[in-house]
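Using the sequences and the accompanying hints, generate a full structural model.
As you go down the protein sequences, you meet chains A and B in turn. Throughout the first sequence, residue numbering follows this note's numbering, covering 2 to 267 in sequence. Throughout the second sequence, residue numbering follows this note's numbering, covering 2 to 267 in sequence.
These aren't lab readings, by the way, just hints derived from the structure by calculation. In this text, a Cβ means the ideal position worked out from N, Cα and C, and glycines have one as well. Just so you know, not all the hints are guaranteed correct.
Claimed, not checked - What follows is a set of in silico ranges between Cβ atoms, one per label pair, in the way DEER data are often shown:
id	chain 1	residue 1	chain 2	residue 2	range
1	A	Ala12	B	Arg54	43 to 51 Å
2	A	Ala26	B	Pro154	48 to 56 Å
3	A	Asn143	B	Lys242	52 to 60 Å
4	B	Gly209	A	Pro244	56 to 64 Å
To be verified - In silico DSS-like cross-links for lysine-lysine, where the CA-CA straight-line distance does not exceed 27 Å:
id	chain 1	residue 1	chain 2	residue 2
5	B	Lys173	B	Lys210
6	A	Lys173	A	Lys210
7	A	Lys173	B	Lys242
8	A	Lys210	A	Lys242
9	A	Lys173	B	Lys210
10	A	Lys210	B	Lys173
11	B	Lys210	B	Lys242
Below are the chains, spelled out letter by letter.
There are 2 protein chains.
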Amino acid sequence: MDGMTGLAGAAGAEQRRRIRSGAFAGPTAGLAPGNVQANLAILPRAYANDFLRFATANPRPCPVLAVSEPGDPRLPTLGADLDIRSDVPRYRVWRDGVLVEEPTDVSHVWQDDLVTFAIGCSFSFEEALVEDGIEIRHISCNSNVPMYRTNIPCVPAGVFHGPMVVSMRPMKPADAIRAVQITSRFPSVHGAPVHVGLPEMIGIRDLGKPDYGDPVPVAADELPVFWACGVTPQSVIAEAKPPFCITHAPGCMLITDLRNSRLAAL
Amino acid sequence: MDGMTGLAGAAGAEQRRRIRSGAFAGPTAGLAPGNVQANLAILPRAYANDFLRFATANPRPCPVLAVSEPGDPRLPTLGADLDIRSDVPRYRVWRDGVLVEEPTDVSHVWQDDLVTFAIGCSFSFEEALVEDGIEIRHISCNSNVPMYRTNIPCVPAGVFHGPMVVSMRPMKPADAIRAVQITSRFPSVHGAPVHVGLPEMIGIRDLGKPDYGDPVPVAADELPVFWACGVTPQSVIAEAKPPFCITHAPGCMLITDLRNSRLAAL
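Here's what the structure looks like:
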């Protein structure tokens, strides 16, 4: 453990080496338990400037864990040996807003003006909830978290604009209160919920029909609890249709050397 | 300001002197703004031992700010000159569970085995909510907070047992989330809510018919948010019918020299 940076090395670096070698190309949930995993957005420098302003103005859906130097494939604050061109199991390559390729390595499309953004992911706060004994429904159901486009506008910046996307976890009211306490400690991975209990107020008509992910059952003694979601920046980038862009494939996150516990504000 | 104890003197002591002199005998809401006000329970030593165990086992509804030595009318940690026989605007004197008197001074019924409990009050966390810009409905309505007996049992201790009483404040969902964050910082004045959104789950059938206090309107875009309430110990004492007991008259609290901000855990 490096006391200054919160890097804890071994498990994250090991998984990245395995992924880099091509030995693993699947979803990363459950790998390197306790290590921070991140959403990925890689943009040409001109778009990156707007995007960083967008992220700064919308830290709940778009909490930036690290930004690279233009053209530099390294993110040393997330892992000393990290090479963003090879260390994610599967990528999506977009041209003019169209998905053109889903490779396991992006060295062949790398450009010297690309800026990498690693964005906080709900895996980190879900781990803290599970450790506290709170059931996470989509984990119990072995499905993807349900996500919804809302009527909450993000603060626009340059070409980037659009509504906030939220993820939903049903909880008994006492667990929902506890979940506010726990996730408030993690502002760099979406922080506290943005809404609870009245989905129609934020423009969600039918909890059974998420815009992304899978529906989960909500019991009569539960409230739907909504967090700002890392799909928001993906959705906003898709809308902006930059000439070139790389993201991670859904569920195939960047595994870092940061420990989730080191993200806790308190 | 005494850095070690958090005592801030002037305003609280001034109000107590005014009350002690007989110049004021009304509700204390709004007096000595920023100072902690407390619920009062005074019991004979034999009952006091059980009651302290009850309070220790039920800190959410019964957070003890101070306990006196038996027979000693002082509470020096709440105010150097504080004399509990005279410093509350109006008292209630109970014999065998029957209200026998509502005097402005209890020197004439004082006994050398009486133990005083000062118990945290929601005024402290309401001040923090208001400072954050959150509307408190019963304050807007200029009425008493609505309170309800629930189906949540307190942990029994000796002769003291009974259900938790809760207070309710309607809030928009985002304000409810913020209220969890703010009140979590104040564990010694009831702390975080115990419930939100589904009153029937905690045995409340009709929000319009509180068991204590006054009903307040709840809008369609609001959730009822429930906090453990200092009426719980009063209700439990009333049920136990001790041979002798003194409480404060409703709304006529003990004004201390503690500052609300000094109760914040974080």
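Quick one: are Gly209 of chain B and Pro244 of chain A within 56 to 64 Å, going by C-beta? holds (60 Å)
CA of Lys173 of chain B to CA of Lys210 of chain B, is that 27 Å or under? Answer holds: Lys173 of chain B to Lys210 of chain B is near 21 Å, not above 27 Å.
Is it true that the C-beta distance of Ala26 of chain A to Pro154 of chain B lies inside 48 to 56 Å, as the hint says? holds (53 Å)
Pairwise hint evaluation, Lys242 of chain B against Lys210 of chain B, where the allowed Cα distance is 27 Å at most: holds (26 Å)
For a C-alpha distance cap of 27 Å, please report whether Lys210 of chain A and Lys173 of chain B respect it. holds (24 Å)
For the pair supplied as a hint, Lys210 of chain A and Lys242 of chain A, confirm whether the alpha-carbon distance does not exceed 27 Å. It holds: about 26 Å lies between the C-alpha atoms, which stays within 27 Å.
Straight-line alpha-carbon gap Lys173 of chain A to Lys210 of chain B, limit 27 Å: holds (24 Å)
Check whether the Cα positions of Lys173 of chain A and Lys242 of chain B lie no farther apart than 27 Å. violated (36 Å)
Mind checking the alpha carbons of Lys173 of chain A and Lys210 of chain A for me, to see if they're no more than 27 Å apart? Holds: Lys173 of chain A and Lys210 of chain A sit about 21 Å apart, inside 27 Å.
Assuming the hint says 43 to 51 Å, is it satisfied by the Cβ distance from Ala12 of chain A to Arg54 of chain B or not? Once the Cβ atoms are compared, 46 Å apart, the range 43 to 51 Å for Arg54 of chain B and Ala12 of chain A holds.
Within 52 to 60 Å or not, the Cβ separation of Asn143 of chain A and Lys242 of chain B? With Cβ atoms ~55 Å apart, the hint holds.
Going through the hint list in order, the structure does not satisfy hint 7, though it satisfies all others.
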